[in-house]
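Each chain, letter by letter, is given below.
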Amino acid sequence: MKLVTAVIKPHKWEDVREALEAFGVTGMTVSEVSGYGRQKGHTEVYRGAEYDIALVPKIRIEIVVEDGDAEEVVGIIVRTAQTGRIGDGKVWISPVDSVVRVRTGDRDAAAL
Amino acid sequence: MDGYYAFMLVATLLVLLMTTPALALFYGGMTRSKSVLNMMMMSFVSMAIVGIVYVLWGWSMSFSDGFSGDGKLFADPFKLFGLKDVTPDNYIYVMFQLTFAVITAALISGAIADRVKFSAWVVFLPLWVTFSYFPLAHMVFGGGLIGGKIGAQDYAGGTAVHINAGVAGLVLALLVGKRVGWPKDPGRPHSLPLTMIGAGLLWVGWYGFNVGSIVPAALGDADFDTAQFYAETGRTFANTTVATMAAILGWLAIERLLHGKATSLGAASGIVAGLVAITPACGAVNISGAIAIGAIAGAICAYAVGLKFKFGLDDSLDVVGVHLVGGIVGTLLIGVFSTKDGAAGIDGLIYGGGFGSLGDQALGALIAIAWSGVVTLVLGLAIKFTIGWRIAEEDEVAGIDLAEHGESAYDIHSGGGSGVLTGQGGKA
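Protein chains in written order, with the working numbering: chain A, 415 to 526; chain B, 31 to 458.
The set of hints was computed from the structure by calculation and includes no laboratory data.
Values in this document were obtained by computation on a predicted structure and should not be read as measured data.
Certain hints may be false.
With a Cα cut of at most 30 Å, we get these calculated DSS-like pairs of lysine-lysine [as the list claims (entries may be wrong)]: (1) A/454 to B/370; (2) B/291 to A/454; (3) A/426 to B/291.
Some chain B residues close to chain A (C-beta under 8 Å, calculated; not the full set) [unchecked claim]: (4) 74; (5) 179; (6) 180; (7) 216; (8) 219; (9) 286; (10) 288; (11) 289; (12) 293; (13) 295; (14) 299; (15) 336; (16) 348.
Here a beta-carbon is modelled for each residue, glycine too, at the ideal position from N, C-alpha and C.
Sequences are here, hints too, so could you generate the full structure?
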């Protein structure tokens, strides 16, 4: 199994969720996060005083999938979240040793 | 006459609204979320302390010699102590003037936000109004040196209120010193909606301040001059309105030029800058003069608030840049734009009145600057070397609301994390 983690622009979140559901992804964990990459933050000016706001708000999506689905899920996220402008985010895949469904104790593929 | 009494009741309530809650909201929104309660409390306690002191000896010290025009610095503080010998049918005038003293003192608090012992402020308030505001109110409104002898025009308090508070803010900001981390972290405003609500309420309240400052030619039923009353209140109301509108535009224009964006804080600040500048001039100028004064004040103040960074002066909420600068602009421009139709019947520079009026205005402003500067310096030093102004550095960093009042303004962090990720630290 693989963990797909995506950090995307907040306004793309609804589109990405719909595309993933259409593909058959049944669940995910989503959090509002802050960070920066090459995009950096922005500048605010109050009565002439400049503030560099370093962190940019983003949405982080975490999905555990079977090995064979990982590349397809990544592809969907990238296609849907892409605007072509700086700050679109990142998606990465990590190996997952084991998954347990808390309600039933089912393991691995049965737990997804 | 009955109408005039009702008018004074409304005007007094409107000026009361200016301090609590308008000024408290305007200033409170500009502080950080950890200091908003202390900032608002500085206004609220000014209401309580200055108000009591006012009926004890404030009214007497400002107005007990019957507008004699004697050119004195202040009147006898004991003659009408505790309003003895003032009949209740005159109390409304006392209350009206009381609200002026309250807001003048409260205005100063913005210069020393986030870092001053509440006890030091409580001690400063009665001393400062006694030695700075009450004398200047006598000099300007009570027939004393500035209004009575020199004849400088000040309809509602450009000198006695705004220059006075602005100079006091300048002196205290210097004496008290900068906040921890300033100017690297200048303190991003925590709630601009509060500031905009405050500015809007100040605007409404200011009609009490300016329009209510009319001095009718005669108060008796038979000889009350209705024509004068209508003309003068109409003029001050309209001038207060258009000057403030022009000041918003002036501030936003300068901001757009200097920093690229027209901001909500700029609009709120422009409102106050315009109101400050038209305060002394609202009875003296015509509509175009009021628009000019508003636009000039908005533009100059928008530029002036940036200067504190060059001078290293942590005038936290720009009492100097808005009230001192705006007060001087309005006071001086009377000498340029006043017309013979105005309350004092004097033509200014552009209407062929020469430099005489401008000179009187400048002298009046200078006396107010010098008086407030010296008094505030002496009182500020006395407090600095006795009880001290500053709270402990670690309390300032943790937040003055908690240290001085044992409260927090908002309980929003419990569900939303520590605030570290949302950039609340800010940096320059």
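Evaluation of the provided hints:
Between the alpha carbons of residue 454 of chain A and residue 370 of chain B the distance comes to roughly 59 Å, so the proposed pair goes past 30 Å and is violated. Taken as a hint, the residue 291 of chain B and residue 454 of chain A pair is honoured in the structure, with Cα atoms around 20 Å apart against an allowance of 30 Å. For the given pair, residue 426 of chain A sits about 27 Å from residue 291 of chain B by alpha-carbon distance, which is consistent with the 30 Å threshold. Interface restraint check: residue 74 of chain B against chain A, minimum CB-CB distance 24 Å, threshold 8 Å, status violated.
A least Cβ separation of about 38 Å between residue 179 of chain B and chain A goes past the 8 Å threshold, and the interface hint is therefore violated. Of the supplied interface hints, the one on residue 180 of chain B is violated, with its beta-carbon coming no nearer than about 34 Å to a beta-carbon of chain A, more than 8 Å. With 8 Å as the threshold, the beta carbon of residue 216 of chain B comes within range of chain A, its nearest partner Cβ sitting at about 4 Å, so the hint holds. Because the smallest distance between the Cβ of residue 219 of chain B and any Cβ of chain A comes to about 6 Å, under 8 Å, the interface hint for this residue holds.
With its C-beta approaching chain A no nearer than about 11 Å, residue 286 of chain B sits outside the 8 Å limit, and its interface hint is violated. A distance limit of 8 Å between C-beta atoms decides the matter here; for residue 288 of chain B the minimum to chain A is near 7 Å, and the interface restraint holds. With a cut of 8 Å, the hint placing residue 289 of chain B at the interface with chain A holds, because the nearest CB-to-CB distance is about 5 Å. The restraint placing residue 293 of chain B at the interface with chain A holds, with a minimum CB-CB distance near 7 Å, inside the 8 Å limit.
Given hint, residue 295 of chain B at the interface with chain A, holds; its Cβ is 5 Å from that chain's nearest Cβ, closer than 8 Å. A distance limit of 8 Å between C-beta atoms decides the matter here; for residue 299 of chain B the minimum to chain A is near 7 Å, and the interface restraint holds. The criterion of a C-beta within 8 Å of any C-beta in chain A is met by residue 336 of chain B, whose closest approach is roughly 4 Å, and the hint holds. For residue 348 of chain B, the shortest C-beta to C-beta distance to chain A is roughly 6 Å, which falls under 8 Å, so the interface hint holds.
Checked against the numbered hints above, the structure violates hints 1, 4, 5, 6, 9; every other hint is satisfied.
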